[in-house]
Structure formats: structure tokens, C-alpha cells
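From first to last, the protein sequence lines are chains S and Z. Here our numbering runs 2 ahead of the position in the first sequence, where the first position is 1. Here our numbering runs 2 ahead of the position in the second sequence, where the first position is 1.
Treat the hints with care, since some could be wrong.
Each pair may be met inside one copy or between any two copies, as identical chains are not told apart.
Okay, derived cross-link-like pairs now, EDC-like style, lysine to aspartate or glutamate, Cα gap no bigger than 16 Å in a straight line [as the list claims (entries may be wrong)]:
#1 Lys46 - Glu77
#2 Lys104 - Glu25
#3 Lys104 - Glu125
#4 Lys38 - Asp138
#5 Lys55 - Asp93
#6 Lys104 - Glu62
#7 Lys139 - Glu125
No lab work stands behind these hints: they were computed from the structure.
Number of protein chains: 2
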Amino acid sequence: MDKPSGKDKAEAPQAAAFRAFAENFRWDDVSLLAYKEEGTAPFKSITRQVLFKNPELACELRYFEVAPGGYSTLERHQHTHGVMILRGQADVLVGGEIRPVKTHDLVHIPAMTWHQFRTRGDEPMGFLCMVNVARDKPQLPDESELQKLRADPAIAAFLAPR
Amino acid sequence: MDKPSGKDKAEAPQAAAFRAFAENFRWDDVSLLAYKEEGTAPFKSITRQVLFKNPELACELRYFEVAPGGYSTLERHQHTHGVMILRGQADVLVGGEIRPVKTHDLVHIPAMTWHQFRTRGDEPMGFLCMVNVARDKPQLPDESELQKLRADPAIAAFLAPR
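Please put together the full structure from these sequences, using the hints given.
Encoded structure:
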């Protein structure tokens, strides 16, 4: 995997009408970015590419890719996500539910709902995520929230380091 | 191909967290809809599925599928589109440019820019299209606009019935 760049020059408006899909789930004129700033939240082996972020569009479309064994941050927020898996497989936590998902499956993350994506198997897992441009910051669970989540043995197993 | 239903009951908010990808580029709990009302604009062999349309999201994500030999309406509007090809191949007109595109390529349709998708080859062509929920109605070209477009021989060939 290429090393993601730390900062977000690629988040400038992308005006080109055509941008081709390239090797290894990269796109022409789309930078490989860090998922988040290191140390701000727990996550593992995940990158971000901003596919559409234009002044006239009220949402962005991002592509996140998680290497085998990796996971997104366990978080919640007022804004919602519309997600489509684009490659590979994952186990996904949404609220109290954990489901296996695969390419082209849809996941809707409602407001203020704990969610996390974890890869399944030996392949990278990539997903599209549509989100409002104007949105609140994600919240991380404190110890009492984690205890509530772990009260469900399936969620406890999902959250345990593997 | 299943027969699309005429009206849009599937455009109600889709609250389910998980909706699986099914056979033939259908999704669980997502209705197959007509592209547009018949007779309102020229198009051929195209269906629509609304993948995400939620009150909290400022954009919708739709999946359009064009059967071999089909095409979308030649139109323009103030709102813009963020498009990702999801299956197959197409020739795409954006403004003065025609490009062949294939799975996972990105297309940005700027404001007030004539655009049309036409399938390429013998496979169905499907694409995701992100668009603002609040948007203007598409405009169709009148004869004088068509003449301007056809002044470019490549565009004239693209627009000619095949």
C-alpha cells in the first residue's frame, strides 16, 4: 500500500469531469490520505480518498480502505452515513447489531449510533461513504459507554483486540 | 430485467441499517423504478434504484442501470452530479467532451453542462449518482442547442441514433 499523505491538499474541489479508476483501488488525481490524524482516536490500517467534494454538492463521497486486520474508529455523531461496500468483506457494528457485509452491500449509520467497521478475511475491505459536508465531530465512547456496549457478549467479542 | 414499478414508494426514507446486495444488481428492500416518467424526455432502457434517501442526508445516492444499446437523457441543470460507474462500460458526454468509461471510473457533471450516458458493448452499464436532495429540474436541448452540439462531428456521431 502506498503511504498516505498526512494533510489534505486533495480535499480541494475536484473539477475534472473524468477521473479514471487506477490500480489498487486508486483514482487518477485523487490523493491517498490518512484516515484521521494519528493519536486522535483508535483505528488501525485504514486510508481515505475523497472522490467527490465540490462546492455545489451538499455531500462528500469518500472511499475508505481497511487492510486485513484493520478497523475504523468506534464512534458516534449526529450526522449520518450512507455506506456501500466496494471491495472485500467486513463485520460491521451499528448500534446493537453486528453483521457480516460484502461487496455492494449497503449500510446506513443513523444519528448518534455507535458504529465500527472491521475487516473479515485476508482481503482489503473498501467502502464508499456519503456524508454531509456540514457535520458534527465524532464522539468517542468513554469507559461507561464501553461497559454498556460490552454488556452484550457478541459486541464484547467484536470489540476485543484480535 | 424486472419490470420497474411506475411510482416511487421506495423513495420513502430507508431506515434499515443493513441492506444486502442481491442478484442482478438489485438490493434488498430497494425498489426498481422507472428512470423518469415515460414521454417526459428522450431516454432508452434505463432503470433507477434509490439506495440512500434519508431525511438527515443532504444528498441522495441512486443507482441507474442502462441495458445494452440504452442511454440516459441528454440534459443539463444547475445541480451537479458525482458519478461512479459500478458495472460495464459507457461513452459519456460532458460538455464538449466524450470519453469511454468503465467500472469504478469517476465522472463529475458540472452545473449547466450537457451530459449523456450511452452503453458501450453488450453488457449492462450501471452507475452510482450522488445528487443534492434540493435541486432544479433538468432542461432539455431545443433545436438550436442541438445544432450547436452537433457542430462538433464527434458529438453529432455520439448523438445520432445507433
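Here is what the structure says about each hint:
When the C-alpha separation of Lys46 and Glu77 is checked against a cutoff of 16 Å, the pair qualifies only within one copy, where the shortest distance is 14 Å, while the shortest distance between copies is 44 Å. Taking the closest pair of Cα atoms, Lys104 and Glu25 come within 16 Å of each other only across two copies (13 Å); inside a single copy the shortest separation is 20 Å, beyond that limit. Taking identical chains as interchangeable, the C-alpha atoms of Lys104 and Glu125 lie at most 16 Å apart only when both belong to the same chain, with a minimum of 11 Å there against 23 Å between chains. Proximity of Lys38 to Asp138 under the C-alpha cut-off of 16 Å is restricted to the intra-copy arrangement: shortest distance 15 Å within a copy versus 35 Å between copies.
In this assembly of identical chains, Lys55 and Asp93 lie within 16 Å of each other by CA distance neither inside one copy nor across copies; the values are 28 Å within and 24 Å between. In this assembly of identical chains, Lys104 and Glu62 lie within 16 Å of each other by CA distance neither inside one copy nor across copies; the values are 22 Å within and 22 Å between. For the identical chains of this complex, Lys139 and Glu125 are neighbours neither inside a copy (30 Å) nor across copies (43 Å), given an alpha-carbon limit of 16 Å.
Violated hints, in rising order: 5, 6 and 7; the structure is consistent with all others.
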